[in-house]
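**Q** Can you make the complete structure from the sequences, with help from the hints?
Chains as they are written, first to last, in my numbering: chain A, 1 to 312; chain B, 1 to 312; chain C, 1 to 312; chain D, 1 to 312; chain E, 1 to 312; chain F, 1 to 312.
Since the hints were derived computationally from the structure, they do not count as laboratory data. Treat the hints with caution; some may be incorrect.
Identical copies carry no separate label here, and so any pair may be met within one copy or between two of them.
Here are the simulated DSS-like cross-link-like pairs (lysine-lysine), alpha carbons at most 27 Å apart as the crow flies [to be verified]:
{"hint": "1", "residue 1": "K150", "residue 2": "K165"}
{"hint": "2", "residue 1": "K88", "residue 2": "K15"}
{"hint": "3", "residue 1": "K222", "residue 2": "K165"}
{"hint": "4", "residue 1": "K60", "residue 2": "K70"}
{"hint": "5", "residue 1": "K179", "residue 2": "K60"}
{"hint": "6", "residue 1": "K222", "residue 2": "K179"}
{"hint": "7", "residue 1": "K71", "residue 2": "K11"}
{"hint": "8", "residue 1": "K165", "residue 2": "K245"}
Number of protein chains: 6
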Amino acid sequence: MPGAKVYTDYKELLKDETIEVVHVLTPNRAHSFITVDALNAGKHVMCEKPMAINSEEAIKMLEAAKANNKKLTIGYQGRQRPDSLYLKQEAEQGTFGDIYFAKATAIRRRAVPTWGVFINEYEQGGGPLIDIGTHALDLTLWTMNNYKPKYCVGTTYHKLNSLPKDEQGNAWGPWDSEKYTAEDSAFGFIVMEDGATIILESAWAINLLDPREAITTVAGTKAGADMLDGLRINGIRNGRQYVLKPDLNAGGVAFYDGAGSEDPSYREARLWIEAVINDTEPSVLPEQALVVTQILEGIYESAKTGKPYYFS
Amino acid sequence: MPGAKVYTDYKELLKDETIEVVHVLTPNRAHSFITVDALNAGKHVMCEKPMAINSEEAIKMLEAAKANNKKLTIGYQGRQRPDSLYLKQEAEQGTFGDIYFAKATAIRRRAVPTWGVFINEYEQGGGPLIDIGTHALDLTLWTMNNYKPKYCVGTTYHKLNSLPKDEQGNAWGPWDSEKYTAEDSAFGFIVMEDGATIILESAWAINLLDPREAITTVAGTKAGADMLDGLRINGIRNGRQYVLKPDLNAGGVAFYDGAGSEDPSYREARLWIEAVINDTEPSVLPEQALVVTQILEGIYESAKTGKPYYFS
Amino acid sequence: MPGAKVYTDYKELLKDETIEVVHVLTPNRAHSFITVDALNAGKHVMCEKPMAINSEEAIKMLEAAKANNKKLTIGYQGRQRPDSLYLKQEAEQGTFGDIYFAKATAIRRRAVPTWGVFINEYEQGGGPLIDIGTHALDLTLWTMNNYKPKYCVGTTYHKLNSLPKDEQGNAWGPWDSEKYTAEDSAFGFIVMEDGATIILESAWAINLLDPREAITTVAGTKAGADMLDGLRINGIRNGRQYVLKPDLNAGGVAFYDGAGSEDPSYREARLWIEAVINDTEPSVLPEQALVVTQILEGIYESAKTGKPYYFS
Amino acid sequence: MPGAKVYTDYKELLKDETIEVVHVLTPNRAHSFITVDALNAGKHVMCEKPMAINSEEAIKMLEAAKANNKKLTIGYQGRQRPDSLYLKQEAEQGTFGDIYFAKATAIRRRAVPTWGVFINEYEQGGGPLIDIGTHALDLTLWTMNNYKPKYCVGTTYHKLNSLPKDEQGNAWGPWDSEKYTAEDSAFGFIVMEDGATIILESAWAINLLDPREAITTVAGTKAGADMLDGLRINGIRNGRQYVLKPDLNAGGVAFYDGAGSEDPSYREARLWIEAVINDTEPSVLPEQALVVTQILEGIYESAKTGKPYYFS
Amino acid sequence: MPGAKVYTDYKELLKDETIEVVHVLTPNRAHSFITVDALNAGKHVMCEKPMAINSEEAIKMLEAAKANNKKLTIGYQGRQRPDSLYLKQEAEQGTFGDIYFAKATAIRRRAVPTWGVFINEYEQGGGPLIDIGTHALDLTLWTMNNYKPKYCVGTTYHKLNSLPKDEQGNAWGPWDSEKYTAEDSAFGFIVMEDGATIILESAWAINLLDPREAITTVAGTKAGADMLDGLRINGIRNGRQYVLKPDLNAGGVAFYDGAGSEDPSYREARLWIEAVINDTEPSVLPEQALVVTQILEGIYESAKTGKPYYFS
Amino acid sequence: MPGAKVYTDYKELLKDETIEVVHVLTPNRAHSFITVDALNAGKHVMCEKPMAINSEEAIKMLEAAKANNKKLTIGYQGRQRPDSLYLKQEAEQGTFGDIYFAKATAIRRRAVPTWGVFINEYEQGGGPLIDIGTHALDLTLWTMNNYKPKYCVGTTYHKLNSLPKDEQGNAWGPWDSEKYTAEDSAFGFIVMEDGATIILESAWAINLLDPREAITTVAGTKAGADMLDGLRINGIRNGRQYVLKPDLNAGGVAFYDGAGSEDPSYREARLWIEAVINDTEPSVLPEQALVVTQILEGIYESAKTGKPYYFS
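**A** Structure representation (C-alpha cells):
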C-alpha cells in the first residue's frame, strides 16, 4: 500500500505509539511470542489461526491479553462464511436440539501448499491437521457451542510425502519431499464431557475422492445439518423425513442471484474493528481458539504415544 | 418347504445323524450355545453374523470347532457382493499398496428393525453396531487383510429411541420405545498394530442425510477406493488424479445389462457347501469373525467406561 | 367377484334390506337421481366425483341425505394421496399463514378418455373441467379450507376436438370427433369472499408442455407450497429463502424406500367404512363437494354468457 | 458522457431546437405530461414502459403525437430479446394457428426494487403489475397479435410488504415497509373479443418457487410455445407429440457459442433511430402500448371494485 | 405350443399341404436352400435376416420366389420399431431433402453371443457384420431409399476373440476362443451411385465406450436425424439451428406413458400376414434385402483382398 | 508489438540476417514457397498447418530443410492440449496394445469461417478436411504412432455452401455462397499397411448434432480411449469393463481447480524454441506432417476419381 510504513523488526513496530492494533500473520511458531510482545506493548492483537503451535504457547497469549487488558482474537474466518453463519443461527435457535455427534472435515486429495514453510513441521507445529483441520474443528465446536473435551485419540501419517515428484499430482505443482516434514494426513476421535463425539479428518494428500475442506456435519436430537451439497438441514416433520435447503444467495428473481452476503474476510475485519472501537467481545474468543489448539495438541500427542489424551 | 422336518427343540435336531450341517439363525444371544452344541454333536455349522454377543462366547465356538474338527463359518454375506469381490481382488493384487486409513460405514437415517427382538439389547448384545456395523467392519478388515487391532475407543447413543411414535418417521413403521433398549447409533476409532486407522460409524436412526449401509472406504499408499457412487478406485497415474469405475453389471451392449453376477446369497451357500464337501477352508474364517466381534466388544466397552480398550 | 349378486335395475338393489351402503359409479348425469333414491331407501351413499352435473342436482342429494339422516360422501380420492395429506397437515398447522393465492391445475397435453361416455357433454355435464379439474379444485379448496367463493369468470374451448384422427396424438388412441361434444380445455378465475384468488386450468388436449394433473399450488402470508417437483414448501427462514422437501416414501435406508404410505384408494375406503360404522363424519363432506360443483357450474355459466358468475 | 449538456428543468431542454428526439425515463407519473410537452415542442419521443399510469394519460400522449405528426414509441425492450423475436416470427408464419389461450408471467419470489420510487404507488401507478407484468403482457399481446380485449377481472395484494426487515429475504436487501404502498402481487384474467383467454400473474414478493420474469406461454390450434426451459415449441407431427428447441446462440461448433444475437437494448435503439430517420413506423406502436395500459388499468379497477372491467 | 406338430426333417413339413407359409429361423448357411425348397413346394416364406451368407445364395431365393410366384420376405424387424417408422415417415415427406451422408452403427463393447453357432464363421457367413451390422445397414438404406451402391471398402478384425476367458468381460459370459472363427469387428465405407456415403461400424467386442446397436444417422440437404439420444431431427429453421424430439410413447399425461406403439415383432407378423392374405407387397422386399447382403459381401471381400469392391 | 519491424515483402525479411527463425502463417497456398525460400535463406521455419496444399509442395519443404540443414516444424498445436498429451503418454506406455481402429473427427454443425480466404478452394487447397480434419488426423496418427498408410477412399460434398443466407444459421454469420468454392464436408476411410482402419469425418456445415472438433478415438487390443466426454480410457480389468477418467485440471481440492496445465500455444512455442536452441528434434516432425498431407490428398483424389488412392 503506498505510504505504508515497513518494519523489518517487529519490535520497532511495537514501539510506535500511533499503532493500536497488530495483526500477526507469521508462520505458526512465531504466533505466540510476537502476540505476547504486542499485547505487552499495549496493542490489541488479531493473530492468524491456529492460535499457537501448542497449548502452552497459547495460554501465554491469553494471559498476556488479560494482564494487559487488551483484546485478542484468532483469525477463524470460516465462521464468517454465509453457510457457517446460517448454521450457527439455526443452532442457537435450538433447531438441532442436543448435538451429540459431529464431523469436522478438511480433506484434500492432493493439495499440499508448496510455498512458504507450510510443510515444515518445526515452523508450523504440524501439517494439514493444524493448517486446515483447525478451521473445521473451530467451526464444529462453535456450532455445537461445546468447549469441554474429555479425551481424544488420534493418528497422523507420513505416507505420501515422500512420493516422487511425477507421482504426486499436486494441485500446486510438486513439493520437495526433503523439506516435507509435517504429516500428510491426520485423524482424531474426540469425546466431550457431555458424551458427544467429534470425528476429525484432515489431509493435504490422500487417496480419497470428493475433497471437502473446512466443513462440519452435526447430528442432534431434533435435527441435523451438513455442508456436503450446500448447507442442508434434515430431520423429521409431521412424521416424514425432510431436507431443507436455504438459498444463501438471496435470489428469488429470474435474472439475478441477489445482493448476496458480506464477504467473509471483510466481515471478519469489520467485526474486529467494531469490537476494538466499541470495546466489545471479538467474534472469535481466544478462550475458544485455545480449546481448538488443545484438541489438536491432544491428537498429535495421542498419535505419538499410541494412547488417549485426557484434557484436565 | 414341503416334506421338511420341523423341530421345536434344537437338541432333538442335533440327534438326527442324517444331518451333517446346521445353520444357526437365532437371536444373537443363542448363537454361541447352539453352535457349540451342534459342533459337539459332530455337525458343521454356518452361524449368522455376528459370531456371538461377545468374544468370550465367540471363543467357545472357535474352540468347539477345533476340538471336534468340524467346520465353522459366519454369515458375512456382504463379502459376496460384486462390489466387495471386485474390491478384494484389487486389494490382493496390490492396487492400493499399504492401506493405512479406512472407514466402515452403516448409517441409516431412520430404519430401526421393528420385528423380532432386534431392538432388545439383552437378546442381541446391542443395536446397529452389532447388527449392521458388523457387516461394514468385516468388509473393511477383509479388504485390508488386517486382523490385528491394537486399541479402540467408542461411543454409543440412546438419543432417538424414546421419540414419540409420530416423530419417528421410521422406514418400517414406528417402534416401541419401551422395548427399544439397544443403542440407536454407535461410533468407533480403531488403531491397528501396524498403525492403520479405521473409523466406524453405525446407526439405525440419526439425523444424517444420504444413508449408506455396509460399505467401506480405503486409502492406501498407492490408491484408494470407496463405494459412495458405486465402486470407485482413485489414485495418481501419469501425474494426474484419476477415477476408475468398473461396470459390475458386465453390460457393454445397448439393450442388456449383461449376464451379471452370481447372487450373493446363492454364492455364499455355494461356497459353504463346496468347503464342506471338499474339506477346504470356508470363505469366512471363524478367526476373522472373532476379530470383528472383539472390536465391537471393545467399542461397547469403551463407550461404557469412557476409556480406550486394548486388545491382548 | 365370485358370489356377488348382480342387478340390472338399481331399484331392485335398493330394495335389498341387507345392503346398508351404496356406491354410485355411473356417468355423471345419473349421480343425483340414483343417490337420492338410495338415500331415500335408507342407504348410506358414496358417490363418485363430481357430485352432480350441476348444483341444483347436487343440492337434491344433500337434502336427501339430511332428510333421511344418512351419510353421503363424494369420491375425491386425490385428498388421500401422501402429498395431499402432508400438505393439508401443514396447512392446518398454520405453516402457510393466510393463503391468498392458489392454482388448481389439471392439464393433459393429449389424453382424452376415449372409452365410455366421457366426451359426451350431455351425459357428463362437461369435459376436462368437470372430470379432472374437479379433483384439482377440491384439493385446492380443502388445502385452503376456504369454501366461500364470491364470484368467478371462465372460458371453455372446443378447439382440438375436431382434429383429424391422425393429427390427434392422443395417449389412449384417437377419439371420435363426432361424439366429442364436451370442451377440450377450460379455465377459470375465482375470487373468494375473503379476497383470495384461485386460478383453475384444465385440459384433456392442449398444446402445452409438461402435463400436470390434479395438483395444487398455494401461496400464503407465511409460506407457500407446490407439487411441481414432488411436494415442496417454500418461504423465508432466518432471512433466507428456503425450500423444504418431505420424503413421502419414508425411506432413510440405502436399500429400501420405506414401508410407504397407505394406498389412496384403500385409505378412502377405510375412512368411509369407519365413518359409517362409527357414525362419524366422512372424510369428504357433501357440503364441500357442493361448493366444488357450484364453482364448476359458475365457470361453465361464465363461459356461456361472457359475464362473471356471482355466488349467492 | 463528457460534453453532454445537463438540464435541471426539462422545459429548458425542450426549447433547444437542435434536439430532435427525447427519451423519457422518469417515474411513471411524469411519463404523460413530459411526453406531451415534448411532442408539442416538436420532438419525437421514446418513453419508457409503461406508457402512463392510466389510459387517460396514455391517450393524451397518443393524441399529442398525432396532432404534432411526431413519432412516439414505448420502451418494451423485451420484444427485442432473441427468444421473443423468434417466437414472433413463428407466430407470423402461422405455426401456432389460432392462439386461444396464453399466460403472461412475471413472478419474483423476493425481488422488490428498493431504490428510487418503485414501491410508491402514487408515483408509479402501481407495483409489480405495472412494472414487470406490463412487459409480460406486451410480449403476449404482440405474439398473439391480438389487441382487442373484451373484459377482465383482477386481484391485487398487499400481503408481504409489511413484513419485518429480517423476514423479507429480498434480493436487493430489505425494503422500507412504510414507503411500500404499491401492491406486492397482482393477478388478472382477460377475455379477448375473439374469445381467447390470457392469464396474467405478477409479483415482486410471493411464496412461490421458480421465479420467472417477462415470459409468455401460448397455446394455439396448431401448436404452442413457452419459455419455461428456453424457448420451446410443441405440437403434433405425424401423429406424435413433439418438442422443438431452437438454438438461440447460433452455435454448432464445439468451442464457440456462435456470433450470437444483437443485444436487445442496442437493437431497440437501432430500430428507433431507423424509424425516425426513415420516417417509418417504430417497432413498438403507441396504439399497442395503449392497449397494455388499458388492460392493466382494468385489472387494477377490477381489484378495487370486485367487479369485471369491460373495455369499450 | 400345445398341439403343435413337430418335424425333425423340414422336407416332411414342406409336404404338408395344409401349410401355406414357412418361417426360416436356422443358422444363416441354411437360409437359402430351405427357403428355395419351401418356395418350390409352393409356400410363402419369411426368412430371418440376413437373407443369406452371400449374394449368390440370396439371388437363388429371389429367383425361386419369382419362379413360383410366391411371397418372400426377410425379417428386418428393426424397421418396425417406433423410432424407425417415424424416421422413415419423415424421410418420405422430404424432411431431410437429399441424404448424402449416413452412418449405420451396431457396436457392442463386449456382447458376443455365446449360444448356438453365432461365432462360427462357416455356419453364419461372418460375425457382427452379418449378424447386427445387417440390421443397421438395412435401416439406413431404407431411410435413404437408396439401393444403388457403387463401390465399397471394408476391414474385419479378429483381435479380441482369442482373449483368455477371464479377460473377456462378456455380457453373456465367456466365449470359447477355439470355436470363435468369425470376426469380432468390421467396418465399411460405401459410396452410392448418386455419390452418397455410408459409414458402417459393427462389433461384438471392441474397446469403445457407449455401445449402440442397429441405429442409423442421416444427414441431408434440408435436415438430419440420429438415434443417439432417442430419435432427434436437426436442421435450420428461421435462421436458427434446432433440434426436434418426437415423443414416441404418445404420452401427454402426467400419470401415463400413452397407449404406445405396436410391438415391433407383432407388427412384423401382422404386416406379413396381411401381405399374404391380401396378396400385397411385404413390408421388407427381398430385392432390398439382397442389396444389404451384396454390400456385406462387398465389405467382407474388400477386407480379404485389400481392394475396393465394385457393384454392377 | 511496439518496436516490431514490419515488412510488406517477405523476401526483404529473409534478407535480415538478425532473424534466425521464421513463422509462416499465410493462406495454405503460400506455405510451400515461402517456407522453401526461408529455409534457403538459412532460417529455421515453423509453418502453420496443413504443411502444404498437396504432397508435392510439402516434399519441397522437407527437401529444402534437409538441404539447408535447418529445422522445420508444422503447427499441429492440438498435440499440446492436456488431453492429447495424456493420451499419447498412455499410448507410449502400451496401455492400448495394438491400435487397429481409430476415428479422426472434426465436425461442425454450422461454423464456416467467413473471414480471410478460408472458403476459397484455390487459396487453401480445400475446406474443412484440410482446415480442421487435418488436426484430427494428425492427432490420430500421432497417438497410433503409425505413419504408413496403404490406401484410402474418400468423398467430399458441396451440399450446403449454396444455401441462401437466411437458411445458413452459421456461427460466425452468413457466408458468401459465390466465394465458397471449397467443400462443406468430407469423409475418408484409410487402411494402414498393418491393417488398421482410420475413419475420418470433417465438416464446416452439416446436419448432424453434437459438434466435435479435432478429437480422436482409438481402439486397441488392450484398451481404448475417446474424447467424447473428456478423455476416457476403457477396457477390461479383472474381468469387468471399466472406464477411467484422468483429472486434467490437477484439482484434488475443494476450492481450486489446480495449477493446471501449460497453455497449448505457449507449450508449442516453448518446445519449438528449445528445439532450435538445443538443436534437438522439434515436437512435430515434418515427416509426420507430410503423411497427414499425403492422406488428405488421397481423400481429395479419391473423391474426384471415385476410386481408391494407393500410397506408393
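**Q** Evaluate each hint against the coordinates.
**A** Cross-check of the supplied hints:
no. : hint           : verdict
1   : K150 with K165 : neither (41 Å within a copy, 34 Å between copies)
2   : K88 with K15   : neither (39 Å within a copy, 62 Å between copies)
3   : K222 with K165 : between (49 Å within a copy, 14 Å between copies)
4   : K60 with K70   : within (14 Å within a copy, 66 Å between copies)
5   : K179 with K60  : neither (29 Å within a copy, 53 Å between copies)
6   : K222 with K179 : between (48 Å within a copy, 21 Å between copies)
7   : K71 with K11   : within (19 Å within a copy, 61 Å between copies)
8   : K165 with K245 : between (42 Å within a copy, 21 Å between copies)
Checked against the numbered hints above, the structure breaks hints 1, 2 and 5 and satisfies the rest.
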